[in-house]
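Asks: As given, the protein sequences belong to chains S and E, one line each in that order. With the numbering used here, letter number 93 in the first sequence gets 93, and the count goes up by one each step, no holes. With the numbering used here, letter number 181 in the second sequence gets 181, and the count goes up by one each step, no holes.
Because the hints were derived from the structure by calculation, they are not lab data. We put the CB at the ideal spot given by N, CA and C, even for glycine. Errors might be hidden in some of the hints.
Unchecked claim - Using 25 Å as the maximum straight-line C-alpha spacing, the simulated PhoX-like pairs for lysine-lysine come out as follows:
| id | chain 1 | residue 1 | chain 2 | residue 2 |
| --- | --- | --- | --- | --- |
| 1 | S | K439 | E | K140 |
| 2 | E | K104 | S | K314 |
| 3 | E | K140 | E | K154 |
Claimed, not checked - Listed next, with one range per pair, are the computed distances between beta-carbon atoms:
| id | chain 1 | residue 1 | chain 2 | residue 2 | range |
| --- | --- | --- | --- | --- | --- |
| 4 | S | Q269 | E | E83 | 57 to 67 Å |
| 5 | E | N176 | S | I32 | 51 to 61 Å |
| 6 | E | N176 | S | P380 | 54 to 64 Å |
| 7 | E | R260 | S | V236 | 45 to 55 Å |
| 8 | S | T429 | E | E88 | 24 to 34 Å |
| 9 | E | F24 | S | Y226 | 18 to 28 Å |
Unchecked claim - A few chain E positions that, by computed beta-carbon distances, are all more than 10 Å from chain S:
| id | residue |
| --- | --- |
| 10 | A12 |
| 11 | M42 |
| 12 | N62 |
| 13 | R72 |
| 14 | K140 |
| 15 | H153 |
| 16 | A195 |
| 17 | L240 |
| 18 | S249 |
| 19 | G259 |
| 20 | R260 |
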Amino acid sequence: MNSISQTKQSKNNFLHRGEPWVWASGAALAFILVMIVLLLGVVVANGLPAFWPKDLIEARLKDGSRVLGEIHRREINGDGVATVQFKVGNRDLLGLDFKWLSQPEIISESRPVDAVVLERREYGNFFGYLQKTDGAKAVFTDAAGRIKEIALIDIIRSYRPNRMNLLDKTGLYATRLVELLWDEPRESNTEGGLFPAIFGTVLMIFLMSILSFPLGVIAGIYLREYAKPGILVTMVRIAVNNLAGIPSIVYGIFGLGFFIYGMGGAIDQLFFPQNLPTPTFGTGGILWASLTLGLLTVPVVIVSTEEALGAIPKGIREASLACGATRYQTLTRLLLPMASPGILTGFILAMARAAGEVAPLMITGVVKLAPTMPIDTSFPFFHLDRKFMHLGFHIYDIGFQSPNVEATKPMVYVTTLLLLLIVVLMTGTAIHLRNTMKKRYTLTDV
Amino acid sequence: MTKRISTISEIANPIVEIKGLNLFYGDSQALFDVSFNIPRQMVTALIGPSGCGKSTLIRCLNRMNDLINGLRTEGSIKIDGIEVLDPELDVIAHRYRVGMVFQKSNPFPKSIYENVIFGLRIAGIKDKSVLDEAVEQSLKRAAIWEEVKERLHKSAMGLSGGQMQRLCIARAIAVNPEIILMDEPCSALDPRATAAIEDLIRELRSEYTIIIVTHNMQQAARVSDYTAYMYLGKLVEYDLTGKIFTAPSHRETEDYISGRFG
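Okay, chain S solo, but in the shape it has when bound:
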């Protein structure tokens, strides 16, 4: 009897204390963390190994032909036959970089020590054997014995993977990663580096922040501290909240109409009439793209500024005014520092969103391949009218618009990884700043 009532009570306790909810929220958090780790795992596992120099395998087939290439994947196809995917390169000779061979057709696989990998400016990699060098040219043969002359100037790098030891390969791997970060893309973005896209992304986020952060904070301050409450302010507040929910492509179209055709067109009329009808500012560019994204993020900054200011107790304002401070002094010396962690939180969210947006950029200035950078050494150094490259658009472009999908797959993953890294780096900096502010201006006991 006693024990029955006890179990009943403990069951009640379990429910009453809200234990199931605690467990549910814990589980939800764990699930999210697992998903994030999984996503990162997939991206890293698919992206980074692709830059490791693989051995070249020469396969002899039953029909007497030979195939030289890197083995990318082995799987059992629909008919239950084991197949091997070879990257055979030599696009100029064979047409396609990749080839599926069925295992039963392969008589033997060997690793010829003389096999050479060439990274070329055009037509992707070449796998073959060096016959002789002749001044500015070199003569190679492929696995089938076809002769190919290649100008040395077209060769970026050559190596014999089957002769390399682990150290050599690690060195090459590191070089390739550095090249990825600092070089220009080649072969319609399927090869080479990502530097212009990285630079464009960072510069765009930076410009966007410079443009939208002050605007949002000032608007938030006005709405919360200075505007007289009334119908107009309420309407503005509702409008701002709703702005945060508008699809980003709509912002893009607005940016195209207002910034590019409107403002850009007017600037061209006034300052660059000699270039017309070729537009200078009246076409997509990094400035207009940043402004468009700034508009997209400004509502979040406004709302978070308002919330953060509203969360400061009335006593602080009263005490400050009673000490003889003006409203402006109260704002700059107390309210803004105290609100800064909250404002920064909103800004971090806004920045992370802006970094991942692609749709509005596609119509306001992003291009597949920008011949020049928005900042360079030619006067006046800042060319904010120029079109730019962006990692997010790069993912879309090489992943879904490229004719050579197999070859670009690792690039897609690596680009994704880089975009994530940039977002993490930038938000990490902002979070660090926020925590410093929080420590300094917290109202609770420390």
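Use these hints to put chain E onto chain S, whose structure you have.
Replies: Below, chain E without anything else, positioned relative to chain S:
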């Protein structure tokens, strides 16, 4: 409806003269024709049940009510002969002369040092020796120097409730005001901290005029020289504290003080 108060004539050279003060929140009236004079360098207590208008009244004295939209006043409040309700008044300069301590202690999330000199800093004083001197003097006068002198540059948020309130008093006196308004300064404190603040109020009387709003009648009896009893926005009785608590001339005052009402 005003009660003429016999003691008004006895207060020579009053620092605050309130005449015919009416105050409206929108359409509703919160103060009705309040008139009385507050003596210099004494403690004057305002008592009365919640909502009787005592806080509203002292917030008129440093124009704290300016923050409230739709608030309107009539009548006159003169401090040292200067009209406080004048819309042209330099409110900032005025608030240097009339400091305030609030019900809930509200130190800023800064160091103890920065809290005390907040008023001086915004007045533009930068001289380190002046600031150091002001901090020491104010904290000593607020009877908290011994407790915090080792940790002046630590956050004020680490102080206890009573210490925070004394820090707020130090902050108010750092700019050397003539009047200190106290709006129920002890209502959120325990009895020991309350006793410390009350001792402090008695000490400060020699240099400042103190106007204190309190719910606690024993406190009013302990610390004040004059007491005003307010009810429903009207000043019912105003006299020497000893007289109010021993021989009030109005029935309502007696009922309230003796606990039969309120």
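Asks: Now tell me, hint by hint, if it's right for this structure.
Replies: Results for each hint:
no. : hint                          : verdict
1   : K439(S) / K140(E)             : 29 Å, violated
2   : K104(E) / K314(S)             : 10 Å, holds
3   : K140(E) / K154(E)             : 18 Å, holds
4   : Q269(S) / E83(E): 57 to 67 Å  : 59 Å, holds
5   : N176(E) / I32(S): 51 to 61 Å  : 57 Å, holds
6   : N176(E) / P380(S): 54 to 64 Å : 56 Å, holds
7   : R260(E) / V236(S): 45 to 55 Å : 53 Å, holds
8   : T429(S) / E88(E): 24 to 34 Å  : 49 Å, violated
9   : F24(E) / Y226(S): 18 to 28 Å  : 24 Å, holds
10  : A12                           : 29 Å, holds
11  : M42                           : 21 Å, holds
12  : N62                           : 6 Å, violated
13  : R72                           : 16 Å, holds
14  : K140                          : 19 Å, holds
15  : H153                          : 13 Å, holds
16  : A195                          : 24 Å, holds
17  : L240                          : 29 Å, holds
18  : S249                          : 35 Å, holds
19  : G259                          : 31 Å, holds
20  : R260                          : 34 Å, holds
Hint compliance for this structure: hints 1, 8 and 12 are not met, and every other hint is.
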